[in-house]
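Positions 340 to 435 (my numbering) are the ones given, in order, by the sequence shown.
Hints in this document: simulated from the structure, not taken from any laboratory. Please read these numbers as outputs of a predicted model, since none were measured by experiment. Treat the hints with caution; some may be incorrect.
To be verified - Cβ pair distances, simulated, as ranges:
1) Lys-411 <-> Ser-382: 29 to 35 Å
2) Ala-424 <-> Asn-342: 28 to 34 Å
3) Thr-352 <-> Pro-401: 17 to 23 Å
Glycine included, C-beta positions come from ideal geometry on N, C-alpha and C.
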Amino acid sequence: MTNPSSALADLQTRWHSLNDLDRGRAVQAIRSAGATVRSIAGSLNCSESLLHHLLKALQAPPEDRYLARHGKITTNELVRRAEAAGIRRTNKHRES
340 MTNPSSALAD LQTRWHSLND LDRGRAVQAI RSAGATVRSI AGSLNCSESL LHHLLKALQA
400 PPEDRYLARH GKITTNELVR RAEAAGIRRT NKHRES
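Whenever a hint applies, use it, and build me the whole structure from the sequences.
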């Protein structure tokens with residue numbers, strides 16, 4: 340398990356050089372190590388909603404994440420696609 344404070348310090352130094360998907364993965368790793376989104380946001384001096392947005396982008400289908408990583412779609416579009424994919428999964432689950 341990662342030490343949240345050292346991972347957070349590392350993320351603070353690299354924040355501006357990372358793309359949104361890498362930021363989301365780093366936030367996800369720090370969360371799984373025990374930190375809250377609120378504490379991470381405070382340390383990064385950003386909003387909780389931004390971090391939730393980045394975490395939501397990670398839930399998009401792999402092909403959409405690929406497009407976002409290569410600049411073909413925006414992070415906002417990636418989140419819209421993640422939400423749409425989640426709705427489709429929920430509907431399929433209800434049908435079965």
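Each hint tested on the structure:
no.	hint	verdict
1	Lys-411 <-> Ser-382: 29 to 35 Å	32 Å, holds
2	Ala-424 <-> Asn-342: 28 to 34 Å	33 Å, holds
3	Thr-352 <-> Pro-401: 17 to 23 Å	29 Å, violated
Violated hints amount to a single one, hint 3; each of the other numbered hints is respected by the structure.
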